[in-house]
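*Asks:* Sequence:
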Amino acid sequence: MAKRVVETLIDDLDGSDADRTVSFTIEGAEYAIDLSAANAEKFQAAIAPYVKAARKTGAGRAGSSRARRSASSAGDTKDAREWLRANGHQVSDRGRVPAPLMELYRNR
Numbered sequence: 018m019a020k021r022v023v024e025t026l027i028d029d030l031d032g033s034d035a036d037r038t039v040s041f042t043i044e045g046a047e048y049a050i051d052l053s054a055a056n057a058e059k060f061q062a063a064i065a066p067y068v069k070a071a072r073k074t075g076a077g078r079a080g081s082s083r084a085r086r087s088a089s090s091a092g093d094t095k096d097a098r099e100w101l102r103a104n105g106h107q108v109s110d111r112g113r114v115p116a117p118l119m120e121l122y123r124n125r
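So the sequence shown is numbered by this note's numbering: it starts at 18 and just counts up by one.
Any given hint might turn out to be false.
Pairs of lysine-lysine, DSSO-like flavour, derived with a Cα cap of 30 Å [as the list claims (entries may be wrong)]:
#, residue 1, residue 2
1, Lys-69, Lys-59
2, Lys-59, Lys-73
3, Lys-73, Lys-95
Because the hints were derived from the structure by calculation, they are not lab data.
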């Protein structure tokens with residue numbers, strides 16, 4: 018027996034068919050709302066002045082789990098590996114430098 022499951026998004030404001038889910042965060046609380054194209058445009062227009070004046074603080078990826086970037090850049094990691102090796106620590110050539118070793122490097 019075959020089964021087909023169809024998920025239909027309904028606009029949370031007016032009950033019409035929704036085109037997308039819009040995610041946003043305010044004061045640390047994450048929200049998601051299903052909106053039609055028209056209501057999504059209204060939402061974007063309403064927050065545009067605030068977004069323009071604000072500064073980015075996160076990765077900005079949609080979804081409930083967020084990919085977080087390391088505070089160190091590729092150059093910092095390379096320098097950290099060199100310093101750690103020169104100071105007797107074993108560090109792999111690839112991958113993430115363990116946090117305790119990065120802390121040693123930063124506090125050198």
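*Asks:* Output the numbers, in ascending order, of every earlier hint that fails for this structure.
*Replies:* No numbers; nothing is violated.
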